[in-house]
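Just so you know, the protein sequences line up as chains G and Y, in that order.
All residue numbers for the first sequence refer to the working numbering, where the first residue is 1 and numbers rise by one.
All residue numbers for the second sequence refer to the working numbering, where the first residue is 366 and numbers rise by one.
Just so you know, the hints here were simulated from the structure itself, not pulled from any lab data.
Keep in mind the model is a prediction, meaning the values are calculated, not measured.
All residues carry an ideal CB built from backbone N, CA and C; glycine is no exception.
Fair warning: there could be bad hints in the mix.
[What the hints assert, rightly or not] Over 12 Å on every C-beta distance to chain G, these chain Y residues come out as not near it, computed from the model:
id	residue
1	Thr388
2	Val390
3	Asp393
4	Pro476
5	Glu493
[Said to hold, decoys possible] In silico DSS-like cross-links for lysine-lysine, where the CA-CA straight-line distance does not exceed 27 Å:
id	chain 1	residue 1	chain 2	residue 2
6	G	Lys81	G	Lys339
7	G	Lys81	Y	Lys523
8	Y	Lys529	G	Lys55
9	Y	Lys430	Y	Lys472
10	Y	Lys402	Y	Lys529
11	Y	Lys413	G	Lys339
12	G	Lys289	Y	Lys430
13	Y	Lys430	Y	Lys413
14	G	Lys81	Y	Lys376
15	Y	Lys376	Y	Lys472
16	Y	Lys472	G	Lys46
17	Y	Lys472	G	Lys81
18	Y	Lys402	Y	Lys523
19	Y	Lys402	Y	Lys376
20	Y	Lys529	G	Lys289
21	Y	Lys523	Y	Lys538
Next come the chains, spelled out residue by residue.
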Amino acid sequence: MRELELYFGPQHLGMVGNLSITLTVEGDRVVNAAMNPGYLHRGFEKLMEQRSWIKNFPMVCRMNILDPDSMEMIYAMAVEKLAGIEVPERAHYIRSIYLELARAGSHLFGLWAYSNMLGFDTVAQWAMYHRDLILDRFEELTGGRVYHIYIWPGGVRRDFPEGFEDRLVSTLHSIGGCVPDYDATFFNNRLFADRARGIGVVTREDALAMGAVGQVLRATGVDDDVRKIDPYAAYDKVPWDVHTSEDGDAYSRVWIVRNEMIESVHMIFKLLDAMPKGEVYNRIPNPFKWRIPEGETYVRCESSRGELGLYLVSDGGDKPYRAHFRTPSYTHGLTILEKALKGASISDVGNIMMSLYVVAPEIDR
Amino acid sequence: MNDSPMNGQLKKKLDSVFRDIETDVSDDGRLTIHATKESVLTVLSLLKDEGWSFLQLVSCVDWIKQDEIEIVYVLSSYVGVEDGPDAKGEPYAKGEPDAKRESILLKTRLPRSEPSVLTAIHVFANAEPYEREIHELFGVHFEGHPRLTPLFLDREYKIPPFRKDFDTEQYVKDVFDSVPPIDEES
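Generate the whole structure from the sequences, applying the supplied hints.
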């Protein structure tokens, strides 16, 4: 049969975000797939070299629109490590609570994108509404809805306002109360299972050979989670579970996302109970004159999509000499997706991409 | 996390196998290996066989004052991958988190005028887009890479845009200030 070239995205119903794929198809089978990122390349890492250490905070969070808070965290961790700044105990707890809330919000956004693409419009609307409830809490805490710039080197910008904890718990309860509805309508729905089972299978060998992280790796049975194996913030202070699955397909990955959301909420409750009183912020030197000693570091944390890393170099100046982010979508979207699409049906291309949880701005940076 | 004993063993092994590399363990226990352009891929393969089988990042730094470009490979390992009962057949087995989770930095320096190094995609498949990106943004050639086509950008640049001597502000002025205002156009 004759081979055709087909452009999938950036304007396409199945394509959420600015990314495109050049598919070579034979009939409705994909023979080859070539990713075309770059629609959102803003050169952030270069721009960071021209701004002082503290001025980069509003910039780094914009690298990942869906999960900006992990970006703040990773940059703060790297700066703290280079400058040797300690973080108060309470700030560690607040950071973990804040990041888990962000993870739940990001997963709800991801669920919106995935269910919307599959045609489950009702579930998509619910997920977007529930994410909005979480954004209300973020607005109350930080003043911003999407970009918060709440984590600083040395801690967090401010403590929880009065009564915030109660309102946070009641928000999470009202979202958690809808889990049975989500399960009945989406996760346990035959239509979803039929469309996702056996789709976009990434084997354990491939996942390990190609540098998979996050849900993609955990869906192959590897319980690899940076929060467990290299704990930061307060993740080693409370018990919680890493969720894995064995099949490595889209169905397993989306189920892991569901379980992680619930785990995040439970973790927030535990952290709120265990949280000590005290300072939330250690003073840093005058940010306008702040010079960080010469050195380099590589730090990592678990973003909502997997291991997020940052290679940060200082030459002893008032600005970073070089910053390079290792984002999970980079490997998932450029290396693993190209392989997973080979042999797939055209109708599953969006399904596979969304189930690998690829976010375009994170690739382009 | 203190992983000096583990890194100490590896450091010894590397020092005994290779003559043209320098190894150094920092205060917080991170192992950094400086290799020559010729030996970097061999070191990379050896590290993979030793269990550092997760390539986290390939990065690049432009050291303009030394007139050199530095390629940095950041390596780590998946938990327990190498501890399985039959490590050859079963790539992953559940194990206690161990010191190997700390990343290793492997570096090589290239001349700034014509930087070129062998591609690492035969050792690590996920090096492919990183090398494409470094080729595009820093002008480093990776010998044997099957598609060093542009990844992000659609314009040609005289100086690769992430090098230190590329003036971003001047570039913005040159490109975007030259568009005539709308009222003059008609």
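Here is what the structure says about each hint:
1. Thr388: 16 Å, holds
2. Val390: The claim holds: Val390/Y sits with its nearest Cβ about 14 Å from chain G, beyond 12 Å.
3. Asp393: 8 Å, violated
4. Pro476: 19 Å, holds
5. Glu493: 6 Å, violated
6. Lys81/G <-> Lys339/G: Roughly 37 Å between the alpha carbons, so the hint for Lys81/G and Lys339/G is violated.
7. Lys81/G <-> Lys523/Y: 36 Å, violated
8. Lys529/Y <-> Lys55/G: Cα-Cα ~20 Å, so holds.
9. Lys430/Y <-> Lys472/Y: Roughly 18 Å separates the two Cα atoms, so the pair holds.
10. Lys402/Y <-> Lys529/Y: Given that 27 Å is the threshold and the Cα spacing comes to 22 Å, the pair holds.
11. Lys413/Y <-> Lys339/G: At roughly 22 Å apart (the allowed maximum being 27 Å), Lys339/G and Lys413/Y satisfy the hint.
12. Lys289/G <-> Lys430/Y: This hinted pair holds, its Cα atoms lying about 24 Å apart.
13. Lys430/Y <-> Lys413/Y: The given pair, whose Cα atoms are some 33 Å apart, is violated under the 27 Å limit.
14. Lys81/G <-> Lys376/Y: Within the cut-off at roughly 24 Å; holds.
15. Lys376/Y <-> Lys472/Y: It holds: about 15 Å lies between the C-alpha atoms, which stays within 27 Å.
16. Lys472/Y <-> Lys46/G: 21 Å, holds
17. Lys472/Y <-> Lys81/G: 21 Å, holds
18. Lys402/Y <-> Lys523/Y: 25 Å, holds
19. Lys402/Y <-> Lys376/Y: Within the cut-off at roughly 19 Å; holds.
20. Lys529/Y <-> Lys289/G: Between Lys529/Y and Lys289/G the Cα gap is close to 22 Å, so the pair holds against 27 Å.
21. Lys523/Y <-> Lys538/Y: 16 Å, holds
Hints 3, 5, 6, 7, 13 from the earlier list are contradicted by this structure; the remaining hints agree with it.
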